[in-house]
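Enquirer: Take a look at the letters that make up each chain.
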Amino acid sequence: MRRVVLRRVAPAVAALALVTTSACGRRSSGRPSNDLLIVGYDREPDTLNRFSTHILEDIQTCVVEGLTTTDEQMRVIPLLATGVPTLQNGGVRLRSDGGMDVEWKLRPGVKWHDGVPFTSADVQFTVEAINGPDYNPESTDGFDRISSVETPDPLTAIVHYKEIYAPYDIQFIRGALPKHVLKGRDIDRAQDYNRNPLGTGPYHVVDWKAGEYILLERVPHYWRGDEFPKIRRLLFKFVPNTNTRINQLKTGEVHVVALAPWDKYREMTAIPSIVVAKTPGNAYEHVTLNERRVPAFADVRVRRALISALDRELYTRTILDGLAPVANGPIQPVSWAYTDRVAHYPFDAPKARALLDEAGWKAGADGIRVKDGARLAFTLITQAGYAIRESMAQAIERQWREVGVDVKVELHDGTAISSIWFEGRFDAMLHWWQMPSDPELTTFFAADRVPPAGRNINYFVDEGLTRLLYASDRTVDRAERKTLLERAQVIIADAVPEIPLYNVVRLDAVPVTLANFKGNPTNTGIFWNVHEWEIK
Amino acid sequence: MIRFVARRSLQALPLLFIVSALVFLLIHAAPGGPLAIYLSNPNVRPEDIERLRRALGLDRPLWLQYWNWLWAFVRGDWGYSFSDGRPVTARILERTPATIELVSLSLACALVLTIPVGIVAAMRKGRWFDRIATGLSMAGISLPGFWFGLLLQIVFAAGLGWLPSSGRSTPGADDAIDQLQHLLLPTVVLATVLASGWSRYLRGSMIDTLSMPFIASARARGLPMRRVVLRHALRNALGPLVAIVTVDAALLVSGAVVTESVFAWPGLGSLFTEALARRDYTVLMALLMLSASAVVLFNLIADALQALIDPRAAAA
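Note that the protein sequences, when read in sequence, are chains A and B.
Under the numbering used here, the first residue of the first sequence is numbered 1, with each subsequent residue one higher.
Under the numbering used here, the first residue of the second sequence is numbered 1, with each subsequent residue one higher.
In short, the hints are calculated from the structure, not lab data.
Just to be clear, a hint being listed does not mean it is correct.
[What the hints assert, rightly or not] What the simulated footprint calls covered on chain A by chain B, stretch by stretch (three residues with Cβ under 8 Å from a Cβ of chain B suffice, anywhere in the stretch; the number is not a length):
1. 394-405
2. 427-436
3. 451-461
Only a predicted model underlies this, so the values are computations on that prediction, with no experimental measurement involved.
No residue lacks a Cβ here, since even glycine has one placed at the ideal position from N, Cα and C.
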């Protein structure tokens, strides 16, 4: 019998021995070098076409460049344009018919990777393709306000807007579609382009292995000069499981992890070869209060009571490990439109109780407040699978209960939660908005922008605020627009339509040896200046 | 035998049809749809959502969507992925080799473990080998796959540094040893889970068989124990094991969802997880129909094998 067992097991043992002995000793965990930098990426992109994708464009920014981009302080800076057009420099002209013209000057000498010059005809083609009936980009926002694009010479594109459009400066942040490749084609199905886009950037795609990785390699003659980019190859490995991604960072199988979760911060800082860069972000976590579903939320005293009952400083110190600061409104400090001169609500439970008393919500037999026979009770929904959100929801539940508010926490998967809020089927929701780099607030707070027309899911109605927000959208003069948006921030802070919790600080784990890493607070992502990254 | 296979295949058709309708209803009933993922981007406005809904045909009545899908599906047109716009067949085919590689190796390893462990545990029932085997297999059955996988990564990749933590190959390295090293940890996880369950079945049915009179009579006639166990007892005890192994082999088509996700294994299981998260209906339907067909097919194979092993089953 024993021999039988041995005979059957022996080949398996031999095979195992072969594999492990060849792996004897530590695997040479590849150090990051100027030859190869490996990025652990949480998902596989759907498409590399920047106008079609619905996930972050980290990989695309290395290949396809915009006329402008945003830098580490969220300033809009020129990339394929020679400058950012403004009213002051004459690049933006308001027309008497209420429209406006924006004149883009393109950088001379820039070529697509196939050697064809990049010209204003490509900019014009991009607008026509996006507005055309045959292509389905993710969003046509802004493009649908363009009536035409004029191309007086190959390096000048004059964009005619039907109306004033404040975020015109980031209209072409996603770059342009190459006319000579895509003209007359079904772009949705142009897999050659969508899987391997032709760009002007420092890298091009050399391999996309489904479910495994995308490999980029430097282009021979990048327009900034042959010395750029410094790193020869960038490898984006798809590792969806967060724990696995951090394990790979430890073994050196990946060198960069962008947007790492805060609860992994300490684990990552313990890795000697890694430094975790912290970038104040342009997103804020908050509790949305659905006034349409919970009538009690319509009373500003109740909303002020709810925010005063929460010790947000304590949450950031404990749950967030001191990594993110408390936020006081929807516009974040990184934005040029930010102001701190608004109402603040420090933790004050007695004040919260007094406000609820004043609003007529009296404590009932079980400690929960009651008014006209109705209990002050609602559910708080949030996304399942995020340890930080789950802890935060529990802390909120507990502190609200202490002032007599009954909250039940419900967890939903990410896709489900999007459709729940879009249909307004929730009482309160813990979540964040990643704000666009332009500080527009209209879609989030204007009275007529409740779903499906926008993202005012607080169902908050304030006519004065609404007028102010629309006026700010139709103002291209930055100083004037800033004044309007500051007034809007004051109104929002007074009215507390939602409860801001904290600013979402980005954590990006990068090699200690990586020079010129700058980070980025917006969806542009950390690779916006990848051409100057260098391992030293 | 041919008539048996033909009859069972015909019976499977209405079953698959019902499964397809149920699965279609279920995935459409799940909250959120292929467009939900766009909503978190503030630049995607309601008019964009409407435009995309029309472009993807999601504005049509559900029965019509089902009918269009079914009619195309039976003609071999599995449609395009809602997520990346590529043909569903291409997305499935490119993921298939990874799953077949992982699952077939795991099935083989699990069998190699199961047969000796099951036999010896049954013969030494209640003795130390049996107790240890029972303890280990209970642990193997109870271990959550994702946790066991992460544990192996921490020990063998992050700690000892012997093996890669995940993935199918080191990009650029094209040798077989590298691929085997990547296969090792996920195979250990999958094979452990499979072998733990299987060895219990084999042990159980071996114990039953060994207590039967024909075994005693074979021994009494002086046949050596080895021959009795391997020729007579094992053949009788294999029935339940063959059934369960064959049904588990449907993993070849459905992919090992949890193991593949933890090890970033680019197979059908991780494609399923991705498609589920994005509500990529066309990919989900194709994968689920493949799994359902595989379960039907492998059940058929199990019955056929049963008949080969035990002629009484064929007669019944």
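Enquirer: Could you run down the list of hints and mark each one as holding or not?
Expert: Going down the list of hints, with the structure as the test:
1. 394-405: Result for this restraint: violated, n = 0.
2. 427-436: Check passed, 4 qualifying residues.
3. 451-461: It holds, with 5 qualifying residues against the three required.
Hint 1 from the list above is the single one not met by this structure.
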